[in-house]
Amino acid sequence: MSEELHARLRQRGRASVDFLANMGFGMSDMRNSVEEEIKRIVPDPDALPDDLDQRDARMQQSLGASTAYRASQAVGEWMATHHGLTAKHAFEEVRDEIEPVLKKFEEGGSTVEASPDMEAPAYWDGVDFHRTAGGWEEHEYQGYIHADIVHTRLVAKSFPGGIWSQRLMVAGLAPKDHYDKIIDLGCSTGHFTRALQETYPDAEITGVDLSLKTIQQAQRLGNANGWSWKLYQRPAEDTGFEAESFDLAGSYILLHEIPAHTIKQLFKEAFRLLKPGGDMIMSDVTRYSDLDKLAVWRADAGAKYGGEPHWRESASLDLAEIAREAGFVDVTAQSYPPFNYPHVVQGRKPA
Amino acid sequence: MNADPKSYNKPDRNMLLESDVDSLAQAVVTLTQELWVLADRQLVTEAVLAKHGIDLAEEVDLHQPDEDLQAKLDDRSRAIMKRVFNSLAGISSDE
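Residue numbers (the numbering used here), protein chains in the order written: chain P, 127 to 477; chain V, 772 to 866.
Treat the hints loosely; a few may be bogus.
[Claimed, not checked] From the structure, some residues in chain V lie toward chain P, with a derived Cβ separation under 7 Å:
1. N773
2. N780
3. R784
4. Q835
5. L840
6. K843
7. K853
8. L859
9. A860
10. S863
What the hints contain is simulated information worked out from the structure, not anything from laboratory work. Note that the Cβ used here is the ideal one computed from N, Cα and C, for glycine as well.
Excised from the complex, chain P in its bound form (with noise of 0.2 Å):
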């Protein structure tokens, strides 16, 4: 985030994002109850049900006689209704400030195409991922709001690993030194774009998303860095642009907002789009399969109360088997400690 971007919250705003960006060390000793009460229920991971309703019924089940899972369950649900609230009331504090800012960011070489007209999908419109307030679409500066509060100031201080570096440590994973023309698929606020641009410093770096407002973020920050991003408001896995057009195809932590068959015709996408030779690399959660029975009902869970409708079957796709039915070739997926994550799939368009 560019410096000017960076809102300077007055003290209501300031201290309140302050107090969700605190509530994980504050829940600790709650959370270390639960996790003795998880001990003592599930001393064999193995021997939880193979199916994760039933698997989740039972833990439930069992969790609910404990106050401090009851406990946490409650202050959980408080976050996730009012992490979005906050941090808008903390914009409109100092709104009339930063607006010029964010308008002056609106010129320049970055661009947006809007599609007005555009159906929006079924497994997107309506839905507030991450459970935030109204969706993604819901306020004029809905973009702007999530990056550089939410995602800065609240994910960014606790996320396990840091969510710049990792972007950036996917970014240069690509296997050339360079690239003329780069396409991130879904692309949102342009985080992961901008470790490609600061990655590939030459490269022509288009993006695409179904969210107008957060594009628009993405191009107030390209502005304020003075690249060129073009930036269009059109679905990943259906882009309308021509074939062979691009020598890189990358994505971030889209795969887990889409359903399996969209993810499936999002690596054909970016297959077609790539010219023969160029290279793919998708990242997204941990895969199900690397985490035991256990671990997979805390991902679900969170999941389920978190505003990820489509979690489930996207983290327990083979996304290597996924990206070699598209047509890619010598495709590798690691998945990267200590947490598994990012999951990495790479891949080759034949030449």
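Please build the complex by placing chain V on the supplied structure of chain P, with the hints as guidance.
Positioned in the frame of chain P, the structure of chain V alone reads:
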């Protein structure tokens, strides 16, 4: 695809039971005490500074904490949360 992804907007969730009401009341009172201590301090601070001709409110509103103050603020907020959340969870706390 999930039959109704919008059902994730407001999922059913098992949270507190009737039997948790006593703990909840303890937590609410603890929180009220903390709020009052802070409100009292703020009002007293503003009154003391006003005696010296200083209008603090706007300056506080605009102040951006430096690293040391931010660390102090983080420590205090986490301690307050622990007191409240531990009360809610029925966990004894020394703080």
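Hint check:
Taking 7 Å as the C-beta cut-off, the interface hint given for N773 (chain V) holds, the closest approach to chain P being about 5 Å. Given hint, N780 (chain V) at the interface with chain P, holds; its Cβ is 4 Å from that chain's nearest Cβ, closer than 7 Å. Given hint, R784 (chain V) at the interface with chain P, holds; its Cβ is 6 Å from that chain's nearest Cβ, closer than 7 Å. Interface restraint check for Q835 (chain V): the shortest CB-CB distance to chain P comes to about 6 Å, inside 7 Å, so the restraint holds.
Restraint check, L840 (chain V) versus chain P: the minimum CB separation of about 11 Å is more than 7 Å; hint violated. Interface hint status for K843 (chain V): violated, as the beta-carbon distance to the closest one in chain P is roughly 11 Å, over 7 Å. Of the supplied interface hints, the one on K853 (chain V) holds, with its beta-carbon coming within about 5 Å of a beta-carbon of chain P, less than 7 Å. The beta carbon of L859 (chain V) is positioned within 7 Å of a beta carbon in chain P (closest approach about 4 Å), and the interface hint is therefore held.
Contact between A860 (chain V) and chain P, as hinted, is supported at the beta carbon level, the nearest pair being about 4 Å apart and thus within 7 Å. With a cut of 7 Å, the hint placing S863 (chain V) at the interface with chain P is violated, because the nearest CB-to-CB distance is about 9 Å.
When the structure is compared with the earlier hints, violations turn up for hints 5, 6, 10 and for no others.
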